[in-house]
Amino acid sequence: AQKVTQAQTEISVVEKEDVTLDCVYETRDTTYYLFWYKQPPSGELVFLIRRNSFDEQNEISGRYSWNFQKSTSSFNFTITASQVVDSAVYFCALSEADFTGTASKLTFGTGTRLQVTL
Amino acid sequence: EAGVTQSPTHLIKTRGQQATLRCSPISGHTSVYWYQQALGLGLQFLLWYDEGEERNRGNFPPRFSGRQFPNYSSELNVNALELEDSALYLCASQQGYNEQFFGPGTRLTVL
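Those sequence lines, one after another, are chains A and B. Per my numbering, the very first residue in the first sequence carries number 1; after that it's consecutive. Per my numbering, the very first residue in the second sequence carries number 1001; after that it's consecutive.
Among these hints, one or two may not hold up.
Said to hold, decoys possible - Here are some chain A residues the structure puts well away from chain B; computed CB gaps all over 10 angstroms:
hint : residue
1    : 22
2    : 44
3    : 55
4    : 67
5    : 69
6    : 104
7    : 106
8    : 107
9    : 116
Claimed, not checked - FRET-style restraints, in silico, Cβ to Cβ:
hint : chain 1 : residue 1 : chain 2 : residue 2 : range
10   : B       : 1009      : A       : 14        : 33 to 39 angstroms
11   : B       : 1042      : A       : 15        : 25 to 31 angstroms
12   : B       : 1109      : A       : 7         : 27 to 33 angstroms
FYI, nobody ran anything at the bench for these hints, they're computed from the structure. From the three backbone atoms N, C-alpha and C, an ideal C-beta is built for every residue, glycine too.
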C-alpha cells in the first residue's frame, strides 16, 4: 500500500526566512509520480510540481525548489525568502502508474500548514 | 482556458437525504477524480472516471456513487446522508500522463 508522511503539522516563520517542508513516501511500485499541491484558505488545491520516479533531478522554480531522493524516499520542498502570500497548507502526494503508465489516483499526506508572518 | 468548475459551492442537507455534486473538467480532459476532505481525515480518494467508465473507487460505502457523461462532466451522488459525510468534496481533471487540476470544491454540510 502507498503512504505519504508529512511529519510537520504546522510551521511558523517570519517573512524572508527559508523553510523546508518534508515529505516521505512508501510504495512498492517502481513507476510512480510525486506531487506537491498548495491549498490556500479558499480551499482550492493548486498544483505546484510533478516528478516521476525515474527523474531524480532537483528542480527550482523561482523561490521554490524541490529535492527528490529515492534512496531516502523523500521529496522535500523548500521556499526561499518566504512571503506572507505563501501561507497555506501544503500537501505532498503520491500516485502509482496504471497499466498504461499514466498517473492515477493520488494518495495525500496529511499536509503541513505554513504560516508566514511579517 | 477555463479551469475545473464545481457546483454548487455550498450544499446543506439533513441526515438521510441525498446530495448531488457536479463537476466540469478542463476542456480536453477525459479523466475526472473525486476526493473527500473531511476534518481530521485529510484528503481521501473517492472515485475515478475515465472515458465514461468508473476505473477505481476508494474505501467508501456504495451509497457514494457517480457517473461521467459523454461530455466528460461528472456527478457525485451521496445517498442516505450521514453527519460524517460533511466535508469539502474536490473534483480534479486529468489528461493523459499529466497532473490533476482541482476545482474549488463543494462544501457539503449534513445537519
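Now for the hints, and whether the structure bears them out:
1. 22: holds, 16 angstroms
2. 44: Given that some Cβ of chain B is not farther than 10 angstroms from that of residue 44 of chain A, nearest at about 5 angstroms, it is violated.
3. 55: holds, 13 angstroms
4. 67: Per Cβ check, residue 67 of chain A is outside 10 angstroms of chain B; nearest 19 angstroms; holds.
5. 69: holds, 21 angstroms
6. 104: violated, 7 angstroms
7. 106: violated, 6 angstroms
8. 107: At about 7 angstroms from chain B, residue 107 of chain A fails to clear the 10 angstroms cut-off, so the statement is violated.
9. 116: For residue 116 of chain A, whose nearest Cβ neighbour in chain B is about 22 angstroms away, the distance exceeds 10 angstroms, so it holds.
10. B/1009 to A/14: 33 to 39 angstroms: holds, 34 angstroms
11. B/1042 to A/15: 25 to 31 angstroms: holds, 28 angstroms
12. B/1109 to A/7: 27 to 33 angstroms: holds, 31 angstroms
Comparing the model with each numbered hint stated earlier shows that hints 2, 6, 7, 8 do not hold.
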